[in-house]
Amino acid sequence: MQETIVVKCGGNAAVDPLAVCEDIAGLTRERRPVVLVHGGSADIEGLAARMGVASRRLTAPDGVSARHTDAETLQVVHLALAGLAKPRLLTALASAGVSAVGLTGLDGGLLRARRKTAHRAVVDGRRIVVRDDHSGRVTEVNDALLRTLLAAGHVPVVSPPAVAEDGRPVNTDADRAAAAVAAGLGAGTLVLLTGAPGVLADPADEGSVLPVCAVAPSGTPPFTGGGMGLKLVAAREALQGGVGRVLIADGRRRDPVGAALAGAATEVV
Amino acid sequence: MQETIVVKCGGNAAVDPLAVCEDIAGLTRERRPVVLVHGGSADIEGLAARMGVASRRLTAPDGVSARHTDAETLQVVHLALAGLAKPRLLTALASAGVSAVGLTGLDGGLLRARRKTAHRAVVDGRRIVVRDDHSGRVTEVNDALLRTLLAAGHVPVVSPPAVAEDGRPVNTDADRAAAAVAAGLGAGTLVLLTGAPGVLADPADEGSVLPVCAVAPSGTPPFTGGGMGLKLVAAREALQGGVGRVLIADGRRRDPVGAALAGAATEVV
Amino acid sequence: MVICPECESSVALAEPPKVNEIIECGDCSSELEVLTVDPLQVALAPDVEEDWGE
Amino acid sequence: MVICPECESSVALAEPPKVNEIIECGDCSSELEVLTVDPLQVALAPDVEEDWGE
Ligand SMILES: [Zn+2]
Ligand SMILES: [Zn+2]
Numbered sequence: 061m062q063e064t065i066v067v068k069c070g071g072n073a074a075v076d077p078l079a080v081c082e083d084i085a086g087l088t089r090e091r092r093p094v095v096l097v098h099g100g101s102a103d104i105e106g107l108a109a110r111m112g113v114a115s116r117r118l119t120a121p122d123g124v125s126a127r128h129t130d131a132e133t134l135q136v137v138h139l140a141l142a143g144l145a146k147p148r149l150l151t152a153l154a155s156a157g158v159s160a161v162g163l164t165g166l167d168g169g170l171l172r173a174r175r176k177t178a179h180r181a182v183v184d185g186r187r188i189v190v191r192d193d194h195s196g197r198v199t200e201v202n203d204a205l206l207r208t209l210l211a212a213g214h215v216p217v218v219s220p221p222a223v224a225e226d227g228r229p230v231n232t233d234a235d236r237a238a239a240a241v242a243a244g245l246g247a248g249t250l251v252l253l254t255g256a257p258g259v260l261a262d263p264a265d266e267g268s269v270l271p272v273c274a275v276a277p278s279g280t281p282p283f284t285g286g287g288m289g290l291k292l293v294a295a296r297e298a299l300q301g302g303v304g305r306v307l308i309a310d311g312r313r314r315d316p317v318g319a320a321l322a323g324a325a326t327e328v329v
Numbered sequence: 061m062q063e064t065i066v067v068k069c070g071g072n073a074a075v076d077p078l079a080v081c082e083d084i085a086g087l088t089r090e091r092r093p094v095v096l097v098h099g100g101s102a103d104i105e106g107l108a109a110r111m112g113v114a115s116r117r118l119t120a121p122d123g124v125s126a127r128h129t130d131a132e133t134l135q136v137v138h139l140a141l142a143g144l145a146k147p148r149l150l151t152a153l154a155s156a157g158v159s160a161v162g163l164t165g166l167d168g169g170l171l172r173a174r175r176k177t178a179h180r181a182v183v184d185g186r187r188i189v190v191r192d193d194h195s196g197r198v199t200e201v202n203d204a205l206l207r208t209l210l211a212a213g214h215v216p217v218v219s220p221p222a223v224a225e226d227g228r229p230v231n232t233d234a235d236r237a238a239a240a241v242a243a244g245l246g247a248g249t250l251v252l253l254t255g256a257p258g259v260l261a262d263p264a265d266e267g268s269v270l271p272v273c274a275v276a277p278s279g280t281p282p283f284t285g286g287g288m289g290l291k292l293v294a295a296r297e298a299l300q301g302g303v304g305r306v307l308i309a310d311g312r313r314r315d316p317v318g319a320a321l322a323g324a325a326t327e328v329v
Numbered sequence: 726m727v728i729c730p731e732c733e734s735s736v737a738l739a740e741p742p743k744v745n746e747i748i749e750c751g752d753c754s755s756e757l758e759v760l761t762v763d764p765l766q767v768a769l770a771p772d773v774e775e776d777w778g779e
Numbered sequence: 726m727v728i729c730p731e732c733e734s735s736v737a738l739a740e741p742p743k744v745n746e747i748i749e750c751g752d753c754s755s756e757l758e759v760l761t762v763d764p765l766q767v768a769l770a771p772d773v774e775e776d777w778g779e
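Residue numbers (the working numbering), protein chains in the order written: chain A, 61 to 329; chain B, 61 to 329; chain C, 726 to 779; chain D, 726 to 779.
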């Protein structure tokens, strides 16, 4: 079998899912095994608003803010990813001639995570321990399930939630889930699509794309702030997990995956 | 491989999903291939209310009323089945030690349906043609996908929607989808769990369970009204599709599948 | 009044006519569906499959 | 005031104390979490993993 490609899209509303799906169809016609991993923050936020679930964010002591996934938010995340974002991708892939099978981390124990039982935040200037957060980090991928589907000619379409040690669902970062999937499959390439042409030397200048971005083996990556810091962490985890090549590329353009594979991307090393 | 069992549950809030999942775990420990098909009318109605989507019903010229699946309702159906009912079953199966993989009809073209492009209803005493109904009847099952998952030791957990000729999702009756799945797999047994101990000679008397219920090869089945008429249609379709045995049984009791297989059920012939 | 596309008879409608309403031609018994009301247009109503409430 | 479970010093709290609030022992620098406020109980705060905003 040819080298596997893992593509991560979504989250950013600017990424065009149809263009991604057409590119994936092209790869599958060349018999390349492809796994699509997706988030869906626009769907999550839209559905939360519609259901009257307040979006809570927490500020960590270092000033970084993150979604607070309380029990109700986790349900909205699950609904939005499994019931809105995933069917849209499955429909687009099917219309491009691809047999796609949607999975969350709960299917066959696909994404196992360690739940963060406690983390810290600053509320009203006082530091607190947050204990009702249903999120965690992927620790194990059931790559056998993915290989079974790939061998049968399907494109697995994977998203959070993952399943925690206690069997309950937990939210998890989709970029890092994609890295774990790519590492679990020993993928040749991981393509992280985003709403920018790659990693920018100057975040305000889209012309300042770095062809290569080196990330130290540990510690805070460069260019943090916004989503790019977390993407670089995911990229590092994929590389450390044995993925051949990690590309951060523009999801807004036509032919987003093809262009990334052809070099229009930042390669993380 | 041993004979496959297809179990249909849900829709009726009285059916206990945990008991069903424990029974399925018992069957998989005996290496019986099992497929679980589910609906989720309580989840659909609850989510529709929460999202402010009016539940519309249409009355057919023969007086039978049915859910009107307009575009917005279809989205609620998809959300509720893929994002609420299915994760609940996956979690229950996982906690019973079963590797379960959730699928809707969109995954790998699992359930292909013919959309009803037009049907008839009576509104304010006037007959009309309804053209915005997103529902249809399953015409084809991708049993290869199910066989792939069964051979790898997973329990597929299947629900509507199905996918229509134009690639778009359509709602479909879950009992009849279960019948189509069972026929596609050449299943030995189809168990339709419901909120009654079987087909009753007298709908008001739970003691009047029929051990056997004969259904004519065509035409309106006996005991119509409520959901049972449609269950008998589904049972007939399964038998005509080559399923060995179709049981309508009580989903409210402990050991619901085991008891049905042991004879506490109405066998449809 | 509209003209039946099947037999060319005149067919009376309830007032006001409604889009998607079904009327029957008194002459040939064809079922007609109102497609638009302004202008008033009808066509043969689609056949309906057997249906068990799905 | 509470007693630090690590070094048994007295530790002062902000008023009113809040459940899950973290305070630091002035003597041994242990971080303590307020578990309940009535009665006032503290325990060592859980270690926190490195976290990139996940
Ligand atoms: Zn006529
Ligand atoms: Zn101390």
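Derived from the structure by calculation, the hints contain no laboratory data.
Yeah, the Cβ is synthetic: ideal placement off N, Cα and C, and Gly gets one too.
Mixed in with the good hints, there may be bad ones.
Not everything, but these chain B residues come out facing chain A in the computed CB check (under 8 Å) [as the list claims (entries may be wrong)]:
#, residue
1, 111
2, 151
3, 154
4, 159
5, 162
6, 329
Okay, the hints, checked on the actual structure:
1. 111: Where the cut-off is 8 Å and the nearest Cβ of chain A is about 6 Å from residue 111/B, the hint holds.
2. 151: holds (6 Å)
3. 154: holds (5 Å)
4. 159: Cβ of residue 159/B sits 5 Å from chain A, so the hint holds.
5. 162: With a minimum Cβ separation of about 5 Å from chain A (threshold 8 Å), the hint on residue 162/B holds.
6. 329: Because about 36 Å separates residue 329/B from the closest Cβ in chain A, which is outside the 8 Å limit, the hint is violated.
The structure shown violates just one earlier hint, number 6.
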